[in-house]
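J.: Chain residues, written in single-letter form:
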Amino acid sequence: MFEWLFKYPRSDFSAGELAFESGYPAWLLATLILLAALIIAVSLWRRKAYLSTARLWIVWLLQTAVASLLLGLIWQPVLKTKTLVAGENTVAMLLDHSTSMNYQDEGRSRHQTAMALFENLAPALESNFTLDYGTVGDKLLWHDDLQQLPDHGSRSLLADSVLEALDQARTNPLAAVVIATDGSDNSTLAFDSISSTSVWDQLSTFGVPVHTIGVGREQIAEDSEITGVDLAATTLPGSVERATLTVQHGTADAARIKVYAGDNIVALKDHPLPGTPGQTTIDLDITAGEAGLQDLRFELEPQSDDAMLQNNNRRALLQVKEQERRILYFEGEPRWEYKFIRRAAALSKGQSLVTILRTTPNKFYRQGIESPEQHAEGFPKTKAELYGYDAVIIGNVESISLDADQQQLIHDYVSERGGTLLVLAGNRALADGGWQNSPVAKTLPVTLDTTNSPGFQRIRVKAQLTASGSTSPVTRLDNDPAINSARWNDMPELADFQRTGELKPGAIALLEAGTPSGTFPLLAYQRYGNGNTYMLASSGTWRWQMQLPSDDMRHEIFWQQLLQAISATAESRLTVTTDSQIYLDNSTVGLTARVLDEAFEPMTTATVTANLYAPDGSSQTITLTASAEIAGNYHATLNAVPTGNWQLDVEASQADDPIAGVTRWFSREDDTAESYGLAQNSAFLQRLSQATGGQYFSVSNAAELPAVIRAARNGIVRQQSLPLWNLPFIFLLLLGLKLTEWLLRLVWGRL
Amino acid sequence: MPKWILALFLALLAGSASAQSVTSPDSNSNTRPWFINQHEFAFARLIYNGIDSNGWGPRWRVDWPEAELHLLAGLERLTRIGVNQEGALVQLGDDTIFDYPWLYAVEVGSLSLNNYEAGRLREYLLRGGFLMVDDFHGPFQWDNFAYAMRQVFPQRIIEELAISDEIFHVLYDMEERTQIPGIRPLQEGRTWERGGNIPHWRGIRDDDGRVMVAINFNMDLGDAWEHADWPSYPEPYSAMAYRFAINYIVYSMTH
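Going down the list, the sequences are from chains A and B.
Just so you know, the first sequence maps onto residues 1 to 751 in this note's numbering.
Just so you know, the second sequence maps onto residues 1 to 255 in this note's numbering.
Keep in mind that the hints were calculated from the coordinates and are not lab data.
Be aware that one or more of the hints could be misleading.
[Said to hold, decoys possible] In silico SDA-like cross-links for lysine to any residue, where the CA-CA straight-line distance does not exceed 20 Å:
hint, chain 1, residue 1, chain 2, residue 2
1, A, LYS462, B, ARG77
2, A, LYS349, B, ASP207
3, A, LYS363, B, ARG77
4, A, LYS349, B, ASP208
5, A, LYS82, A, ASP167
6, A, LYS363, B, LEU75
7, A, LYS442, A, GLN408
8, A, LYS349, B, ARG243
9, A, LYS363, B, ARG243
10, A, LYS462, A, ASP552
11, A, LYS363, A, GLU398
12, A, LYS462, A, GLU493
13, A, LYS462, B, GLN38
14, A, LYS258, A, LEU317
15, A, LYS363, B, HIS169
16, A, LYS363, B, GLU166
17, A, LYS462, B, THR96
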């Protein structure tokens with residue numbers, strides 16, 4: 001209807017620009033319209049005896065409109081638009097030709113569905129565009145048509161392939177890229193947030209819309225899959241690490257997860273599911289064994305009708321190694337908590353406690369120091385002294401016992417260095433010690449106020465697990481949640497408690513203290529800047545140790561886990577990451593090392609080398625190149641072809657002085673990538689199209705695609721002026737105006 | 001059953017019950033445990049069943065309460081430790097004993113433990129408690145004390161603590177040690193009593209090498225604290241006795 005009235009598509013009007021082609025000045029048209037309006041008014045005024053004023057106004061309006069319209073047509077109105085030059089522009093038609101496209105959805109394969117779509121779209125597009133056909137799998141291939149295709153690819157490098165297609169067409173007039181796919185992109189880029197950010201940016205710079213057509217079902221009820229495993233890369237021998245699994249499931253109401261190290265089951269968990277298809281996150285605790293590499297396989301027990309068994313398994317490498325995390329503990333007075341924390345830490349091989357204890361106003365007693373001079377003056381005053389620690393504990397000490405620079409240093413240690421701070425309670429600690437006026441207060445997970453001063457009281461309180469605490473590795477006294485809860489319930493009371501303000505937004509309480517005045521945070525933490533801060537509102541956990549039998553290890557376990565939690569997250573002077581840990585059908589490994597100096601500032605002049613040991617025993621040495629974008633980062637790209645576990649020994653040095661060395665592992669697999677991500681990943685396809693200004697289509701509305709591409713006018717275009725004087729709408733409008741006047745006059749009896 | 005066997009059984013039963021009851025220093029006071037918790041450190045004195053061969057009353061209460069009152073005042077003045085001004089009195093049968101990681105026992109030459117008490121003391125020490133013993137002299141009293149310790153720890157040895165041991169340097173860097181005499185022998189012109197001429201600083205360590213029992217044999221630190229304000233008692237002995245005790249206390253709170 002629109003096009004019948006206005007001759008041209010609506011998109012022409014929305015994109016075009018109205019103009020007059022007669023060359024006469026526009027002011028003249030306006031003058032003539034005003035003149036016509038005046039003449040009509042005078043003419044009508046002379047006949048006022050026959051019509052009322054209101055009726056004269058209506059007639060004047062109608063006649064003036066007709067006159068204006070006719071005058072406007074004399075000026076030759078046109079619509080200036082751009083139009084694609086027929087045959088000059090190209091549309092890249094990309095078909096996902098990976099193995100996952102063989103999957104049958106409702107009787108036919110995704111490949112067949114996509115082929116049929118392309119056949120239907122081609123005639124509508126060929127009238128305006130040249131169509132270039134390509135397939136996307138483990139690489140981008142161009143074809144004359146899609147009748148003779150190679151074998152299916154073992155990977156789907158969608159984002160990479162689209163980028164390549166855009167790059168190859170850089171000199172060609174590319175109107176659009178159309179890709180029909182299930183969205184199962186298994187390139188590293190799709191899963192690495194940093195890399196993929198740059199990919200989206202790159203995609204948008206080409207200015208060519210990428211239209212995605214999602215093929216396949218978005219929920220496959222008959223298939224369950226582990227879509228991801230989040231697990232620390234390294235840990236200490238015997239420690240407990242939490243793995244977070246993302247599970248795509250059907251209508252089952254429970255999932256059983258088994259974790260294998262070789263043939264041995266090292267963890268097992270039954271987790272309830274909602275009974276409807278969807279995604280669920282499952283946490284699982286794994287106890288690390290002896291030092292060495294643990295090649296873990298997570299298995300989601302298959303449903304009876306599971307469509308794909310391979311994707312019920314995921315691997316992860318856990319590097320178990322002896323490493324000493326250094327914790328600085330500054331204590332303002334000799335007290336029992338200090339002693340029993342030290343004793344608990346001494347039982348753990350992974351933590352080295354360096355303590356500075358103020359025994360008298362003028363004397364510090366130091367334990368765990370490396371030299372007699374170390375910390376002889378008390379708490380560190382420089383970044384070089386403090387930043388080397390993985391965590392810092394502040395005990396019962398007034399804020400004024402540290403100068404302003406030292407307090408700021410603690411703040412910066414958390415926010416900049418990314419270290420973890422643990423503050424303990426005491427009659428000189430927290431608000432009772434004036435810390436609310438210190439920059440350190442900003443880092444704390446609770447507010448400090450003096451309204452309930454003194455907050456520290458030597459009263460017996462019971463530690464109560466919160467919901468977060470019941471699942472936290474810090475407060476896990478037993479792997480069984482029910483037993484864990486029971487073991488906390490029969491813990492002896494703490495010797496004292498310090499009341500603080502409320503939890504800050506974003507802070508998490510793991511333990512609460514039940515007091516006669518109510519329940520208050522006892523152990524809480526929050527993220528602050530790059531680091532974390534914990535607060536333990538008691539200095540009386542020693543009472544757990546003294547009240548429980550000597551062979552009861554709850555006090556020791558609690559402190560070892562807390563010390564591990566606070567010391568595990570700080571960045572080292574050398575950190576090494578690969579862009580993935582398990583490389584599925586991908587031999588390109590991106591290696592990044594980050595090197596920091598003693599003050600944990602980025603080092604740009606270090607020498608970083610990596611010794612790479614292949615599964616077949618061969619080795620090579622690679623020198624990493626300093627990043628131009630991020631100071632302190634060094635990169636290398638490795639080609640790791642043989643499948644199996646690869647070892648990377650990375651060393652950083654500065655002018656032949658060694659800085660640090662780190663060992664990392666990654667693994668290579670072949671013929672497995674396409675087993676994962678079986679359902680259509682519409683979210684990825686929508687993001688891909690949005691990043692480029694394109695649109696996401698489902699199979700059902702893909703027929704709208706040609707009109708959308710034409711309307712976008714991407715490619716070689718020419719300017720055109722579309723005449724508007726002969727629009728049917730104009731004639732109908734003129735006719736309507738005169739007819740209205742005639743009808744009114746007929747009604748009024750004044751023809 | 002013969003009457004004498006029944007009588008012996010009842011006597012043993014009464015003795016055991018007595019060992020687990022709470023006793024205050026004043027025989028006329030009630031049996032409420034003396035629990036002190038208003039400050040971090042409490043000086044807990046062990047009440048034990050000792051042999052009273054001279055008819056001087058219970059041996060555990062020797063020098064009480066002046067010895068700890070004087071010591072605690074010094075401890076507060078000389079360190080950052082929060083100190084309860086009064087001492088506590090505990091028995092091995094009291095559960096409150098585990099609220100006092102510091103324990104002092106005096107005249108332990110007369111210490112007598114039954115199996116229950118030996119087990120309680122063993123458990124106290126293994127949990128992290130610290131015991132300082134003082135004021136016993138000569139081979140007879142040593143044998144008696146050593147026997148009690150063998151009841152507590154049959155496998156652990158009592159060893160000499162060298163002057164270089166950390167326990168003598170944790171706060172005061174002590175380079176020499178002197179026999180600290182009790183007031184009575186000092187009045188008689190000697191520093192020793194009961195044949196204990198040579199002072200010994202001994203200890204029992206835990207599995208990690210930390211001293212958990214500090215043994216002051218052939219000396220009387222309690223008297224040196226108690227008589228620190230008595231002009232006739234030589235000040236150097238009191239000063240050294242304070243240093244020993246403060247080092248023991250700081251050690252017990254750091255190791």
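J.: Does LEU317 (chain A) sit within 20 Å of LYS258 (chain A), going by the straight-line distance between their CA atoms?
T.: holds, 15 Å
J.: Within a Cα-Cα threshold of 20 Å, do LYS363 (chain A) and GLU166 (chain B) meet the stated pairing?
T.: Holds, at about 16 Å.
J.: Holds or violated: LYS462 (chain A) with ARG77 (chain B), Cα cutoff 20 Å?
T.: Violated, at about 33 Å.
J.: Taking 20 Å as the top limit, are the C-alpha atoms of LYS442 (chain A) and GLN408 (chain A) close enough?
T.: holds, 11 Å
J.: Holds or violated: LYS349 (chain A) with ARG243 (chain B), Cα cutoff 20 Å?
T.: violated, 34 Å
J.: Can the restraint linking LYS363 (chain A) and GLU398 (chain A) be considered satisfied, given a maximum Cα separation of 20 Å?
T.: With Cα atoms ~16 Å apart, LYS363 (chain A) and GLU398 (chain A) stay inside 20 Å; holds.
J.: Are the Cα positions of LYS363 (chain A) and ARG77 (chain B) separated by 20 Å at most?
T.: holds, 14 Å
J.: Quick one, are LYS363 (chain A) and HIS169 (chain B) close enough, alpha carbons at most 20 Å?
T.: Since the Cα atoms of LYS363 (chain A) and HIS169 (chain B) sit roughly 13 Å apart, the hinted pair holds (cutoff 20 Å).
J.: Are the Cα atoms of LYS462 (chain A) and GLU493 (chain A) separated by 20 Å or less?
T.: holds, 5 Å
J.: Measure nothing beyond the straight line between the CA atoms of LYS349 (chain A) and ASP208 (chain B); if it is 20 Å or shorter, mark the hint as holding.
T.: Given pair LYS349 (chain A), ASP208 (chain B) holds - Cα atoms ~14 Å apart, limit 20 Å.
J.: Are the Cα positions of LYS349 (chain A) and ASP207 (chain B) separated by 20 Å at most?
T.: holds, 16 Å
J.: CA of LYS462 (chain A) to CA of THR96 (chain B), is that 20 Å or under?
T.: It holds: about 17 Å lies between the C-alpha atoms, which stays within 20 Å.
In the structure shown, a violation is registered for the earlier hints numbered 1, 5 and 8, in ascending order.
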